[in-house]
Amino acid sequence: MSAMLLNKEKWPDFVGKLTGKQLWAPQIKDEQLRFAPVAEGEEPALDYKNTRVPPKNVVFPQTETLFRFQVDGEEVDEPKLDEEVVLLGVRPCDARSMVIVDKLFSWDYDDPYYARRRELVTMVGLACSEPGLNCFCPSVGGGPASTEGLDLLMVDLGENYLLEAITEKGEALINETKELLEETRDANLEQKEKVINEAAQKIKRSIDPEGIPVGLPGLWEDSLWQRVSASCLGCGTCTFLCPTCHCFDIQDETEGFESRRCRTWDSCMFEEYTLHTSGHNPRPSRLERTRNRINHKYNYYVDKFDVIACVGCGRCINLCPVNIDIVEILKQVKEAL
Numbered sequence: 003m004s005a006m007l008l009n010k011e012k013w014p015d016f017v018g019k020l021t022g023k024q025l026w027a028p029q030i031k032d033e034q035l036r037f038a039p040v041a042e043g044e045e046p047a048l049d050y051k052n053t054r055v056p057p058k059n060v061v062f063p064q065t066e067t068l069f070r071f072q073v074d075g076e077e078v079d080e081p082k083l084d085e086e087v088v089l090l091g092v093r094p095c096d097a098r099s100m101v102i103v104d105k106l107f108s109w110d111y112d113d114p115y116y117a118r119r120r121e122l123v124t125m126v127g128l129a130c131s132e133p134g135l136n137c138f139c140p141s142v143g144g145g146p147a148s149t150e151g152l153d154l155l156m157v158d159l160g161e162n163y164l165l166e167a168i169t170e171k172g173e174a175l176i177n178e179t180k181e182l183l184e185e186t187r188d189a190n191l192e193q194k195e196k197v198i199n200e201a202a203q204k205i206k207r208s209i210d211p212e213g214i215p216v217g218l219p220g221l222w223e224d225s226l227w228q229r230v231s232a233s234c235l236g237c238g239t240c241t242f243l244c245p246t247c248h249c250f251d252i253q254d255e256t257e258g259f260e261s262r263r264c265r266t267w268d269s270c271m272f273e274e275y276t277l278h279t280s281g282h283n284p285r286p287s288r289l290e291r292t293r294n295r296i297n298h299k300y301n302y303y304v305d306k307f308d309v310i311a312c313v314g315c316g317r318c319i320n321l322c323p324v325n326i327d328i329v330e331i332l333k334q335v336k337e338a339l
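Following the numbering used here, the numbering of the sequence shown begins with 3 at its first residue and continues without gaps.
Quick caveat, the hints were computed from the structure, so don't treat them as lab data. No experiment lies behind these values; they were computed from the predicted model shown. Please note: incorrect hints may appear among the correct ones.
[Stated by the list, open to error] Mimicking PhoX-like on lysine-lysine, the simulated pairs with C-alpha atoms at most 25 angstroms apart in a straight line are:
1) Lys171 with Lys206
2) Lys333 with Lys206
3) Lys51 with Lys196
4) Lys204 with Lys180
5) Lys196 with Lys206
6) Lys10 with Lys206
7) Lys23 with Lys196
[Stated by the list, open to error] Label-pair distances were calculated between CB atoms; the ranges are:
8) Leu68 with Phe259: 15 to 25 angstroms
9) Asp32 with Thr266: 12 to 22 angstroms
10) Ala47 with Glu290: 35 to 45 angstroms
11) Asp49 with Lys206: 14 to 24 angstroms
12) Glu181 with Glu330: 18 to 28 angstroms
13) Val78 with Glu337: 29 to 39 angstroms
14) Gly22 with Glu121: 14 to 24 angstroms
15) Glu330 with Phe259: 50 to 60 angstroms
16) Lys105 with Ala47: 52 to 62 angstroms
17) Gly160 with Lys206: 20 to 30 angstroms
18) Pro140 with Phe259: 53 to 63 angstroms
19) Glu195 with Glu121: 51 to 61 angstroms
20) Val101 with Leu68: 39 to 49 angstroms
For glycine and all other residues, C-beta sits at the position ideal for the given N, C-alpha and C.
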């Protein structure tokens, strides 16, 4: 696949070319940095470490209508999913998270809503040159310039972006904007490697996951779960802002004779998540729910799909209101093994 150079002076024209499709990119919305549709003339905000909400909501919306129906009729109206989307400025950890979640949504049954949205998305990544304080992506198989899940990777070289096509979708995007691009030189490729290596050296946090997936079941009754869950509020921030969390609820909503079936994000950190109709709850306290969260990411998912369901983005650490730190939890797990 090809690599081209985009001078930053031509960046507005490059973005303008992409707005022919539905373009999503990081923007400040309601005083929060998140992925949102880019209108003509708007500028994506690429000078950031990571968005608060991961871009998973583009392919797995926080609330989505699966279909509408009449209470007294037989007609079913399904949403049309036919618009191509370009996701611009995706960090490598978030792109990799979608590859991990793909396994769940195409496991025993292909989820048609998720699958169709994924098919329509072109992922344009932005390599990290300044990783966040709590990033630990190399520990779980990623990196500041990982291409897994991406169609095209951009690397900031100062005056230029180096654009590297990873898939046919990425190659097509380069061809669509070729009039704005220049050929790369050996010096550009050398600079790219330097930027990536320097970024990797800036990542200070790490955890060796070796032995954790197989060792976690043996720690089921260990006192560490009481310690690490003691301050948890059960707010669900860690799961709602996690790019690999995928739990959802499905409900029917009716107003008059108009009804819809909708899917919304849910969280295993909520008490009612496992509450049975009988009133029994197998995870009655935050201890059980915290234990489940760690086991799900580092044991259950590994057993099922042979990959850790964590990309080391650091969101759950950065945004936890009581400073619960998954890296510190995993270190305690390692010590207890």
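Quick rundown of the hints versus the structure:
1. Lys171 with Lys206: The given pair, whose Cα atoms are some 34 angstroms apart, is violated under the 25 angstroms limit.
2. Lys333 with Lys206: Holds: Lys333 and Lys206 sit about 15 angstroms apart, inside 25 angstroms.
3. Lys51 with Lys196: With a Cα-Cα distance of about 19 angstroms, the restraint between Lys51 and Lys196 holds, given a limit of 25 angstroms.
4. Lys204 with Lys180: violated, 33 angstroms
5. Lys196 with Lys206: Given pair Lys196, Lys206 holds - Cα atoms ~18 angstroms apart, limit 25 angstroms.
6. Lys10 with Lys206: violated, 30 angstroms
7. Lys23 with Lys196: violated, 33 angstroms
8. Leu68 with Phe259: 15 to 25 angstroms: holds, 18 angstroms
9. Asp32 with Thr266: 12 to 22 angstroms: Between Asp32 and Thr266, where Cβ atoms are some 19 angstroms apart, the hint holds.
10. Ala47 with Glu290: 35 to 45 angstroms: Because 39 angstroms falls inside the window, the suggested range holds.
11. Asp49 with Lys206: 14 to 24 angstroms: holds, 21 angstroms
12. Glu181 with Glu330: 18 to 28 angstroms: violated, 51 angstroms
13. Val78 with Glu337: 29 to 39 angstroms: violated, 54 angstroms
14. Gly22 with Glu121: 14 to 24 angstroms: For Gly22 and Glu121 the Cβ distance comes to about 19 angstroms; the hint holds.
15. Glu330 with Phe259: 50 to 60 angstroms: Hint holds: Cβ distance 53 angstroms, inside 50 to 60 angstroms.
16. Lys105 with Ala47: 52 to 62 angstroms: The hint (52 to 62 angstroms, Cβ to Cβ) is violated, given that Lys105 and Ala47 are roughly 31 angstroms apart.
17. Gly160 with Lys206: 20 to 30 angstroms: holds, 24 angstroms
18. Pro140 with Phe259: 53 to 63 angstroms: holds, 55 angstroms
19. Glu195 with Glu121: 51 to 61 angstroms: With Cβ atoms ~33 angstroms apart, the hint is violated.
20. Val101 with Leu68: 39 to 49 angstroms: violated, 24 angstroms
Checked against the numbered hints given earlier, this structure breaks hints 1, 4, 6, 7, 12, 13, 16, 19, 20; the rest are met.
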